[in-house]
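Student: Below are the chains, spelled out letter by letter.
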Amino acid sequence: MSVAPQVSLSVHPDRLLPPQPEVRDVARRIYATTKDLPIIWPHSHVPPQWLVDDEPWPDPASLLLTPDHYVLRLLHANGAELSDLGRGPEGPLPLDEAAARKAWRILCENYHLFRGTPVKYWFDTTFTEVFGITQMPSAATADAIYDEVAEQLTTPEFRPRALFERFGISVLATTDDPLDDLAPHRTLAADPTFTGRVVPTFRPDRFLELARPGWPDLARRLSEVAGVDTGDYAGYVAALENRRRYFQEHGAVSSDHSHLDAGTEPLEEGEAARIYAAALRGDVTEAEAVAFRRHMMSETARMATEDGLVMTLHHGVRRDHDPDNLARYGADAGSDIPLAMEFTDALRPLLGRYGNHPNLNLVVFTIDETVFSRELAPMAGFYRSLYVGVPWWFLDAPEAIRRFRGAVTETAGFYRTSGFIDDTRAFLSIPTRHDMSRRLDAAYLAELVAEHRLTEDEALATAHDLVTTIPKKVFKL
Amino acid sequence: MSVAPQVSLSVHPDRLLPPQPEVRDVARRIYATTKDLPIIWPHSHVPPQWLVDDEPWPDPASLLLTPDHYVLRLLHANGAELSDLGRGPEGPLPLDEAAARKAWRILCENYHLFRGTPVKYWFDTTFTEVFGITQMPSAATADAIYDEVAEQLTTPEFRPRALFERFGISVLATTDDPLDDLAPHRTLAADPTFTGRVVPTFRPDRFLELARPGWPDLARRLSEVAGVDTGDYAGYVAALENRRRYFQEHGAVSSDHSHLDAGTEPLEEGEAARIYAAALRGDVTEAEAVAFRRHMMSETARMATEDGLVMTLHHGVRRDHDPDNLARYGADAGSDIPLAMEFTDALRPLLGRYGNHPNLNLVVFTIDETVFSRELAPMAGFYRSLYVGVPWWFLDAPEAIRRFRGAVTETAGFYRTSGFIDDTRAFLSIPTRHDMSRRLDAAYLAELVAEHRLTEDEALATAHDLVTTIPKKVFKL
Amino acid sequence: MSVAPQVSLSVHPDRLLPPQPEVRDVARRIYATTKDLPIIWPHSHVPPQWLVDDEPWPDPASLLLTPDHYVLRLLHANGAELSDLGRGPEGPLPLDEAAARKAWRILCENYHLFRGTPVKYWFDTTFTEVFGITQMPSAATADAIYDEVAEQLTTPEFRPRALFERFGISVLATTDDPLDDLAPHRTLAADPTFTGRVVPTFRPDRFLELARPGWPDLARRLSEVAGVDTGDYAGYVAALENRRRYFQEHGAVSSDHSHLDAGTEPLEEGEAARIYAAALRGDVTEAEAVAFRRHMMSETARMATEDGLVMTLHHGVRRDHDPDNLARYGADAGSDIPLAMEFTDALRPLLGRYGNHPNLNLVVFTIDETVFSRELAPMAGFYRSLYVGVPWWFLDAPEAIRRFRGAVTETAGFYRTSGFIDDTRAFLSIPTRHDMSRRLDAAYLAELVAEHRLTEDEALATAHDLVTTIPKKVFKL
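Residue numbers (the working numbering), protein chains in the order written: chain E, 1 to 477; chain A, 1001 to 1477; chain F, 2001 to 2477.
Certain hints may be false.
Said to hold, decoys possible - Which chain F residues stay away from chain E? Per the calculated CB distances, all over 12 Å, these:
hint, residue
1, Trp2050
2, Glu2055
3, Lys2102
4, Asp2180
5, Asp2205
6, Gly2214
7, Arg2220
8, Glu2224
9, Glu2299
10, Asp2322
11, Pro2323
12, Leu2326
Unchecked claim - Result set (DSS-like, lysine-lysine): computed pairs, CA atoms no more than 30 Å apart in a straight line:
hint, chain 1, residue 1, chain 2, residue 2
13, F, Lys2102, A, Lys1102
14, E, Lys35, E, Lys472
15, E, Lys102, A, Lys1035
16, A, Lys1102, E, Lys472
17, F, Lys2472, F, Lys2102
18, F, Lys2476, E, Lys472
19, F, Lys2102, E, Lys476
20, E, Lys102, A, Lys1102
21, E, Lys473, F, Lys2102
22, A, Lys1102, F, Lys2473
23, A, Lys1102, F, Lys2035
24, E, Lys476, E, Lys102
25, F, Lys2476, F, Lys2035
What the hints assert, rightly or not - So the derived list for chain E, only partly shown, Cβ under 8 Å to chain A, looks like this:
hint, residue
26, Thr33
27, Val290
28, Asp324
It should be emphasised that the hints constitute simulated quantities derived from the structure, not laboratory data.
Given the structure is predicted, the values throughout are model-derived calculations rather than measurements.
Built from N, CA and C at the ideal position, the CB exists for glycine as well.
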C-alpha cells in the first residue's frame, strides 16, 4: 500500500522518553538507574527445551515470525495466508529455506502495517540492538536482512544459552502442563554449565473445564501421573495438589489460569462431587461445568494459602474467535479476541475467604482496560493478597501502559502492582520488552516529578523497586 | 451566565497541533503535506437536492443552526425551546427573517456553552475561513454576524455547487432510503455542468425492523418499487437485493446500518420465513423482530460478498431518549443517547462466515470508546473484512480522536482504520471537519516521531495514506 | 519496602500545572484568578458538631488518619491492622497517646505506598501549608511530625471554627439522616459568633431499602419524627416530604442518594402500596424491594420538582465487599468497591418525566469512568435538569480529573458540569482538595488555549464560572 522512502533503520537512545526537554532529562536520569538491572521474567511461553538443547535456531522466520501470533495476525488481516507464514494445522511447521524466505519477505514488505504498534518497536530494536541491522525492512531489503540474521544465528553468540546470559535474565518462568514431567527443568537445574534459573509454572486450565471434549481422559491421565486415584472429587483435588507439589519441587513459584470469566463462587462439597462424578460419566452440562470451574478457582486459592504458589489470572478472552482459522491452523493462531470483564462481584467469593491471607498472592491481568480504575485498583488498594497485573497482550504497548499507570496509580499506588511481565513466545524480544517497560515507567515517574507530585528521589526509589523488590515480593522470588 | 470580554474572533494556523515547539514543527511539516488534498467524504446526511437546485440558502440559521442536532442539544439543555431555534414537529421549519434572527441570537448569546466542544471549533473556523467573520459571537454581535453571513449567502460564490468546488470535495456520499428513486443523483450525474461525484448510500434500517408500526406497509411499498413480490421472505430478500443493485447502478459504494445492538446471529431459513410471514400479518413479537434483524445483518453481509457494497455499522444509540421531545419535534432533534456496546460475541456469527471474504468490507463505528482497544482493534487486526471506523458523532472531537488513535493503533496499526468520515448534516463545516482530522492525525504522528517510535518519513507516508489510499481502499473508491 | 533518601518536604508553587513553560505560564495566569476565591462545599461528611463544640482535636491520628478510609485502605493492603490504626467495631475509637502515636507511625513509615496517589498529595500539602511541616514523613520522622502537629492542634488557631474561617469556606453542606433533628445546624445558625453557612443534606437511603433488616422499625421511627402515620404508602411518602421540608427549613439545598444501581422505573401507585404494605409486615422479596427503591428515585425527583431540593446521585458501589472487614470494623472501613454502571436506560424513566423540569437539578456522580463520554455527557448535553458530577472518590485525583474533562467537555462543555465537590471526611484537606481542582481546571484550560481551541479570555471566564456561578446555579446557592 505505502512505499516507505526510508531505507536506514536505527533506534534512538531517548525512545519512549517524554519529548519535552526538562521532563526528558528527569526520565533519562531515572532510566539510567534501572536499564541494566537483571531481568526478572515470571511468566513466559518460551519452550525450556531450547535452553536444554542449546541448538542454533534454524532460520529467521522460524525464530522471529512463525511462532508469534502478535505478528501473524496483522499480516493475516492484510491478506497473507498463515500457511505462507510457516503455520500448519498444529502450529509452526519446519521450514525449508525457500519457505522461510517467503515468509520473511511477507513480513518485510508489509512492515508499514506495524507502524505505531509495539511489534514494530520490538522488531526495530531487536534488529538493531541484537543483530546490528541498519536497513529498514521492506520488499527491497527482505533478503539482505534475512541473510544477515541467518548468518548470525549460526554463530555461538546466538545460541539460546548465550543470549540468555547476554540478556541478563535472572529468572525465567515457563508455562507447563500439570502432566509434564518437567524433564527440561530438571536437566537445566542439574547442569553445572548452565547457571540461569528456569522455573516451571503450573497451568491446569484444561483440567478444570469439565465439559470440554476429552476431559474424562484427562482425569485418568492426571491420576496416572499423580499416582492418586481421581475416581472421585476428593481424589481429583488431591491429584492436583500432588502435581502442584511436584512443580514446586522443580522450582515453580506460581500457577497460571485463563478462563472465560473471573467467577469464583464456591460450591458445597457435595455438589462439587456430584458434578465431578457426572463429568467422569461424560454427562455434565455446560452450566454445571462453569459452576465447577468457578468453584475450582476458589479451591485453587485455598490450595495456594497452603502451599504458597502465587496465583495469576489471565481471564477474559474469546479463544479462536474464527472457527475457520481454528480448523485450519489450530489454537494460538491469531484469532483470540478479548471480552468485557467483571471482577468486583466475580472475585468477591474468593477474596472474602482468602483475600487477606498472608500466604496468598493473586495477580490479576486483563485486556479490558475499563476495570483498571473501576475494579482492580480499588480491590488491590484494600486486599492484601491482590496485585494488579501490568498490561497484558494487546495492552503491553507504550500508550496502553501509560493509561494503565494513569488508571491504577492514583488509587493503588505503585506498590500494589505486579512489576513487568511479558507473557511472550518471542525469546529475542525479551530485552526490548523489559527495556520498554523500564523506559515507560521512567517516563511516567518523570511526569509526576515534572508536575511536582513526586520528588526525583522518590521517583528514583520507586523505579528501582518496580524492577527489583516489587516483582520479587509479588512472585516470592 | 458568563460574559466573554473577548470581542475579536480568529483562528490560529497551528490550532490543534502539539504546543511543544519541537513536536509542533514535525506536526506542521506533516500537516502541510495533507492539508490541501481532496476531500473524500463517504458518509454524510447532506440532501443531494441542494446540489441539484444550486439555490442560495435562505438564511444563516436555516443553514448553520436549525438542521444540526449537534448544536441544538446544548442550547436546549441551557433552556432554549427548539421551536425558537426553527424546529417544528417534522424537523426544520421555513423561517421568516424575524424567526431566523431570533434563533441566530440564541446561538450567539449562548456561544460560551460550546467552549471546549468541537461545535465551537467548527463554528469558529467556518465563520473565519468561509465567511471572513472577525467578531466573537455574542449577544452584542449576533445581528452584525447574521447580516454579514446573510449577505454572503446571496452571492454566487456561496451557492452549493460553488462551495462544493471550493471545498475540494472529490466524492460525496449521501444517505438514502431504499425506496428512493435517486432522481437527484441521476440529475447530477447527467449534468455536464456539474463535475463532482455524488453517490447514494443504501440505508435499509426501517425495512429490517419488523415490529415497528407500519412495517407491513413498508414491505408492500418495497415490493412496488423493486417490482418484486415481497409476500414471502424469499421475495423480501430478492427485493432488497434488487434495490441494492439499483443503488449500485446509481453509484452507491456502501450500505449503512444503525440498530440498537450489533447482533448478527443467523436464523434457519425456515425460521426467518416464519417470522417474516408473522410480521406481514402484524403478528410478530419484539423478540422475534430482534432475532430477524440480527439475522438480516448476516444476510446483508452475504449480499455484500456477492455485490461488493461496503457495509458500515452505526449501532448502539437509544434514539429519542426523551419521549416528550420526540412527540414535539420528531426524530433527530437532539435526544439520542449512546449505550454500552458488545461486539466480540455479537459480530462473531457474521465474521465466522464472511470475516475474511475478499469482497466484504465491514466498517464498524461506535460511540462506546471502551470497545476500541478491547474489541474492535483486536478484531480488525485479524479479520480481513473488518475496519475500525474513526470516531463517530460525540467522539468526532479532538481529544476523543486522540484517544481513538491511542486505543486502536497499538493493536491494529493505521491501515486497519477507515479514514476520516464525518457523518454530518452541516455542509459548511465539511472543510473544517476534514481539516481537523488531518491536523489531529499530524499531531498524533508527530508525537510518535517525537518519541522515536516512527521516523518522520514513515509519519509522512502514513499521513498521506490516511487521506488517500486508505479511504479509497476501504470504500472501494 | 523502600527507604526514601529524601528527608525534606515542600510543595512547589507550580504543582499540577503543565510542565511545558509556555503552557504553564497560561495556567499560572488562570490559576491566579481563582485560587483565593471562597470555597463552596456542597457535599461533605464532616460532623457539624465539630463546629458547634469548637473543641481542639485530640491528636493527629484521630484527626488525619483514623476517620479517613481513603488512607486506611492502602495501609491495610500493605498489612496494617485497622485496630492498630484506631478503628473499632463501630468506627474510630478514642485513642490514648500511645495508640495515636502507634497509628501515626504506621502511616509515616508506609508513606511511600501513597506515591502517585492524591492521598500523598493532600497530606504533603496539608502538612506544609496548614502545619508548616518541613520533613518527609518516614519511620525516622514520625514522632517529630506527630509532636509538631499535636502541639499546633492545642492552639486556638487550629480549632474547627478558626480553620473554617482561615480556609475561606463560604458554604458547607453536611450529610444527615432524615430522623436527625439538625440541632447542630440550628445551634450554628443561632450563634451570632459563628458567621459561616452550614447546611444539612437529606440522605434517605436506608428508608428506601425495604428489604434491609430493621426497615419496619425505621418506618415507625420516621412516623414518630415526622408526625405522620407511615402505616401505608401514602403516609410514608408524606412523611418523607415532611422531613424534606424540615431539612429545607434548616437550610438544606439538596438530597443525596446512593444505591447499587441507577434504576428509576416507576411503579403503579397500587403496586407501590402493595409492596410497602408487605415490607411493613416483613414480607418483602429482594426483587420487590429493588423495584420499590427504583420507583422511589422517580418519586424523589417528583418531590424535587415540587420543593426544589437538588438531587445528587452517588450510585454504583458494592459496599463492604469484604464481609470479614465489615464484621470487625463496620461500614466505611475501606472495602467498598465500585461496579460497572448503566445510566442511559436506567435514568430514562425519570428523565422522560422530569428531565426538563425547571425545578429539578439532578447531579450524577460515578466511579465508572466509561459512562462519562458515553452516557452522562450526552444526557447532560440535552436534558436541562441533568448535570455531570465531577469525579468522585477514587476518581478525585489529578489524572482522573484530567480524563473526566477530556471525556465530558467535548460533548457537554463546561456549563453542564457540577463544579467541584469533594465528598470528604477529612476537614483539614478541604483547602488542598479545592485548590487541586482549581489547579487542574487551570491546567486543562491552559491546554485548550495552547492548542488554540479557546482564547485566554475565554479560559479565564470559564475558570471563574467553574468555582462561582456554576456551583451556585447547580446547587441553588
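Student: Decide, hint by hint, whether the structure agrees.
Tutor: Evaluated hints:
| no. | hint | in the structure |
| --- | --- | --- |
| 1 | Trp2050 | holds (27 Å) |
| 2 | Glu2055 | holds (32 Å) |
| 3 | Lys2102 | holds (19 Å) |
| 4 | Asp2180 | holds (30 Å) |
| 5 | Asp2205 | holds (20 Å) |
| 6 | Gly2214 | holds (23 Å) |
| 7 | Arg2220 | holds (33 Å) |
| 8 | Glu2224 | holds (37 Å) |
| 9 | Glu2299 | holds (28 Å) |
| 10 | Asp2322 | violated (6 Å) |
| 11 | Pro2323 | violated (5 Å) |
| 12 | Leu2326 | violated (10 Å) |
| 13 | Lys2102/F / Lys1102/A | violated (69 Å) |
| 14 | Lys35/E / Lys472/E | holds (17 Å) |
| 15 | Lys102/E / Lys1035/A | violated (39 Å) |
| 16 | Lys1102/A / Lys472/E | violated (69 Å) |
| 17 | Lys2472/F / Lys2102/F | violated (43 Å) |
| 18 | Lys2476/F / Lys472/E | violated (54 Å) |
| 19 | Lys2102/F / Lys476/E | holds (29 Å) |
| 20 | Lys102/E / Lys1102/A | violated (69 Å) |
| 21 | Lys473/E / Lys2102/F | holds (25 Å) |
| 22 | Lys1102/A / Lys2473/F | holds (25 Å) |
| 23 | Lys1102/A / Lys2035/F | violated (39 Å) |
| 24 | Lys476/E / Lys102/E | violated (45 Å) |
| 25 | Lys2476/F / Lys2035/F | holds (22 Å) |
| 26 | Thr33 | violated (21 Å) |
| 27 | Val290 | violated (16 Å) |
| 28 | Asp324 | holds (7 Å) |
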